[in-house]
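Colleague: Could you build all of it, start to finish, from the sequences and the hints given here?
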Amino acid sequence: MAKSKPRVKVPKSASAGEVITIKTLISHEMESGQRKDKEGKPIPRQIINKFTCEFNGQPVFSCDLDPAVSANPYFEFNAKVNESGTFKFTWVDDDGSVYETENEITVK
Amino acid sequence: AFAVTGFRALPAMASAEDADKMVMDFTGGKAPESGKIMLNTPEIAENGNTVPVSVEVESAMEGDDLVDSVLILADGNPNPAVATFHFTAMSGSAAATTRIRLAKTQNVIAVAKMKDGSVYMDKKQVKVTIGGCGG
Amino acid sequence: GNWSRAAAQQALTEEDLLATKDFGNVTLVHITDIHAQMKPLYFREPSINLGVGEVKGKPPHVTGADFLKLYNIEPGSPHAYALTSEDFVALANTYGKMGGLDRVSTVIKRIRADRGDDNVLLLDGGDTWQGSYTAQQTAGQDMVEVMNALQPDAMTGHWEFTYGADRVKELVESLPFSFLGGNIYDAEWNEPAFEAWKMYDKGGVKVAVIGQAFPYTPIANPRWMFPNWSFGIREEDVVKNVEEARSEGADVVVLLSHNGFDVDRKLASRVQGIDVILTGHTHDALPEPVIVDGTLVIASGSNAKFVSQVDLDVRDGKVQGYQYRLIPIFSDVITPDAEMTALIDKVRAPYEKELGRVIGHTSSLLYRRGNFNGTFDDLFCQALLEEREADISLSPGFRWGTSLVPGQDITVEDLHNACAMTYPSAYRSMMSGKMLKDIIEDVADNLFNTDPYYQQGGDMVRIGGMGYTIDVNAAMGSRISGMTLLKTGEAIDPAREYAVAGWASVNEATEGPAIWDVVEGYLAKHPEVAIEENRSVVVKA
Ligand SMILES: [Mn+2]
Ligand SMILES: [Mn+2]
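Residue numbers (my numbering), protein chains in the order written: chain A, 5 to 112; chain B, 1128 to 1262; chain C, 824 to 1364.
Among the hints, erroneous ones may be present.
[As the list claims (entries may be wrong)] Pairwise CB distance ranges (calculated):
id : chain 1 : residue 1 : chain 2 : residue 2 : range
1  : C       : Ala-1322  : B       : Ser-1181  : 41 to 51 Å
2  : C       : Asn-1013  : A       : Pro-48    : 29 to 39 Å
3  : C       : Ala-1353  : B       : Asp-1147  : 57 to 67 Å
4  : C       : Asn-1013  : A       : Ser-88    : 40 to 50 Å
5  : C       : Asn-971   : A       : Lys-7     : 15 to 25 Å
6  : B       : Gly-1162  : C       : Gln-960   : 53 to 63 Å
7  : B       : Asp-1243  : A       : Val-111   : 22 to 32 Å
[What the hints assert, rightly or not] Cross-link-like lysine to any residue pairs, in silico, SDA-like; alpha carbons within 25 Å at most:
id : chain 1 : residue 1 : chain 2 : residue 2
8  : B       : Lys-1231  : C       : Lys-1260
9  : A       : Lys-27    : B       : Gly-1156
10 : A       : Lys-16    : A       : Lys-92
11 : C       : Lys-1063  : B       : Met-1165
12 : A       : Lys-7     : A       : Glu-104
13 : A       : Lys-112   : A       : Gln-62
14 : C       : Lys-844   : C       : Lys-1141
15 : C       : Lys-1063  : B       : Ala-1187
16 : B       : Lys-1231  : C       : Ile-1303
17 : A       : Lys-84    : B       : Leu-1193
[Unchecked claim] Okay, the calculated bits of chain C under chain B, using three or more residues with CB under 8 Å as the criterion:
id : segment
18 : 858–867
19 : 1039–1049
20 : 1055–1066
21 : 1275–1282
For the record, the hints were derived by calculation from the structure and aren't laboratory data. No residue lacks a Cβ here, since even glycine has one placed at the ideal position from N, Cα and C.
Modeller: Okay, here's the thing in structure tokens:
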């Protein structure tokens, strides 16, 4: 499988106490485990099973994923920001791989 | 006028009872009430492989008025499980969107569990069509 | 028709059609679903247009004599000819062709002169750029040029998107007015892809126009042609845009919609704060607005056969009253605008010779519009069966396509008016009886689902070589019965494979000759067309 590449959209700045919208995408096949290959053999499941978003080390939002989540999982959610800091996004693959990315936000 | 291929071959379909059981497992046996949670889906899927699904739960998301989690199910998929969202006070609002796979026309179900243990449900039918034709 | 044509035309004057009583301070002019028809034409309204559930028997699901009775229209009158299928051939001979964008131009100029240029908004509901040979050849450029001359204030779209995303962007960027679509989103990041709404200052009144493109464009048409755009009804966005417009001071909120009539009727009942919905897509022509919880729903027909004029009296920040008329464009009565005639001639000039090439002759009425098989599609189905050596043929239930009256030559232009599109390949494939039934059931539900939000607004797929019975009120998946292979009289076997030919597949890389070549090939062998009324579809309503 091609290396999964996360992309996120986070505003660069916000005012204190503002609720902002965050959007994330990661390229991933989300192989459901229900398909068969050309020889009729089942293709083993391999999905992103967990997504988390933290801000300055505190949990903001997370999701447990089942195989019914589409390829290239997309999440849109909100976060309330009271101070400047760093968002950390983490995707966990069935194969144990962990994909991460971080974004800074300045609170004025 | 039609997409004559395109339906993925799938094993025997799960029943709506499986979905009911998953709801009960999530709520701890409590029957969910209606209201408070709004599930938003397209009426007809543009592509059964990627159907946008949004939920929003009425909540201040502070103090005791917190949404803990939201379970998403699809009652006509081989396995009804789709995803579970977990919120915190730092979520600001209990709203989230993702994209899901639907094997055929069916109901999408969203159940919200509040911090006080109360549970709410919303349900929407999404049509998965062969496509074609038009005005 | 009892009148001679000359007498009829004498009786009907341009002044009768265009003179207006002064009313209010803002005028909306609506035209929609032109389908690239610049020249006068025949277009027979449907003889069958079934409504299901709550809308059963309500306009626009009223046809023929019932329609005349409902709107108190004299049988045989000009309005009877324009608005119904009653006595169509005789009345077509009496009253002549309808439409023509040079006549439309005359009407719009007259409205602007009467009402004051600054008080008039011209709004185009979409399905404007597709549906003719020349539109196909120029990828919509001919229609853009001609419509620009009418100076619209905004448009929305549907079939426009079948020119592909790149071409749509190119044309939209070239427009001297806004292409509005609040329900079109970037499919990757879920962000608005088009301008949703726009405020216009007309005669001191602030008019907000919200655009609503056809919600099911990626389902009814090939999604692969515009993979990065997502549509949908998105009622919550309509609500949001109405609120935004009101908060920015709109006195009048107009939804310029390509939802289709029943979808817009439901929307009007659920969304507060819309004064007028200018609806499109389902090609209905109604002489009066349907009023839903105070919202006027206006249906302006198709093929440039009608122009709608909505005069609004707006005072103290709200609509106090309205005056409405659906203006039928009788092409022999309304003087063409010479400038527009010249422009139309110019854009058609490179193709004029080919457009006029005669490829057949018809002794029967050829029409498409109606819920089930029409004679024009029966000709297509016959051509597909023979030319592609199939057991069964399928022709999509499009609502565009002009009519030909008995005695007319069939020209290249006429043929392409019924099939000009960017995915014309006539496929031939093997399908099981079960798959055929699944397809037909699926299309039937898209048309007859009792919840309008689940309808796509076309007509039933037309079928050649096979008969069936349909119960439109039955549940999803159980409307169709009695599927019979006509050539043997045997019931369709779910397990057997049949050779099926059809056109307009939404699948990428569909193979086969273009449908116009198939039909032209058939006409070369059978130049004299006489289609009998189709009796192989039995409708239980
Ligand atoms: Mn149309
Ligand atoms: Mn349309």
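Colleague: Now tell me if each hint is right for this structure.
Modeller: Here's how the hints hold up against the structure:
1. Taking the beta carbon of each, Ala-1322 (chain C) and Ser-1181 (chain B) are about 44 Å apart, inside 41 to 51 Å as hinted.
2. Between Asn-1013 (chain C) and Pro-48 (chain A), the C-beta spacing of about 31 Å keeps the proposed range 29 to 39 Å intact.
3. Between Ala-1353 (chain C) and Asp-1147 (chain B) the beta carbons are some 60 Å apart, a value that agrees with the proposed interval 57 to 67 Å.
4. Checked against the hint of 40 to 50 Å, the C-beta distance between Asn-1013 (chain C) and Ser-88 (chain A) comes to roughly 27 Å, which is inconsistent with it.
5. Judged by the Cβ atoms, the range 15 to 25 Å given for Asn-971 (chain C) and Lys-7 (chain A) is violated: they are separated by roughly 49 Å.
6. Between Gly-1162 (chain B) and Gln-960 (chain C), the C-beta spacing of about 56 Å keeps the proposed range 53 to 63 Å intact.
7. Between Asp-1243 (chain B) and Val-111 (chain A), the C-beta spacing of about 31 Å keeps the proposed range 22 to 32 Å intact.
8. For the proposed pair Lys-1231 (chain B) and Lys-1260 (chain C), the alpha carbon gap of about 16 Å is at most 25 Å, so the pair holds.
9. Between the alpha carbons of Lys-27 (chain A) and Gly-1156 (chain B) the distance comes to roughly 34 Å, so the proposed pair goes past 25 Å and is violated.
10. For a cut-off of 25 Å, the pair hint linking Lys-16 (chain A) to Lys-92 (chain A) stands: about 14 Å separates their Cα positions.
11. Proximity of Lys-1063 (chain C) to Met-1165 (chain B) is assessed by CA-CA distance (about 16 Å); at most 25 Å being required, the pair is judged to hold.
12. This hinted pair checks out: Lys-7 (chain A) and Glu-104 (chain A) have alpha carbons roughly 12 Å apart, not beyond 25 Å.
13. For the hint linking Lys-112 (chain A) to Gln-62 (chain A), the alpha-carbon distance of about 20 Å falls within 25 Å, and the restraint holds.
14. A C-alpha spacing of about 21 Å is found between Lys-844 (chain C) and Lys-1141 (chain C), which places the hinted pair at or below 25 Å, so the restraint holds.
15. Of the supplied pair hints, the one linking Lys-1063 (chain C) and Ala-1187 (chain B) holds, its CA atoms being roughly 21 Å apart against a limit of 25 Å.
16. Only pairs whose Cα atoms come within 25 Å are accepted, and Lys-1231 (chain B) paired with Ile-1303 (chain C) is accepted, the gap being roughly 19 Å.
17. At roughly 14 Å between alpha-carbon atoms, Lys-84 (chain A) and Leu-1193 (chain B) fall within 25 Å of each other, so this suggested pair holds.
18. Counting residues of the segment 858–867 of chain C whose beta carbon lies closer than 8 Å to any beta carbon of chain B gives 0, which falls short of the minimum of three for the stated coverage.
19. Remark: the segment 1039–1049 of chain C is confirmed as covered by chain B, as 6 of its residues place a Cβ nearer than 8 Å to a Cβ of that chain, reaching the required three.
20. As drawn, the segment 1055–1066 of chain C meets chain B at 3 residues by the rule of a beta-carbon pair under 8 Å; at three or more, the given contact holds.
21. Counting residues of the segment 1275–1282 of chain C whose CB lies closer than 8 Å to any CB of chain B gives 6, which reaches the minimum of 3, so the coverage claim holds.
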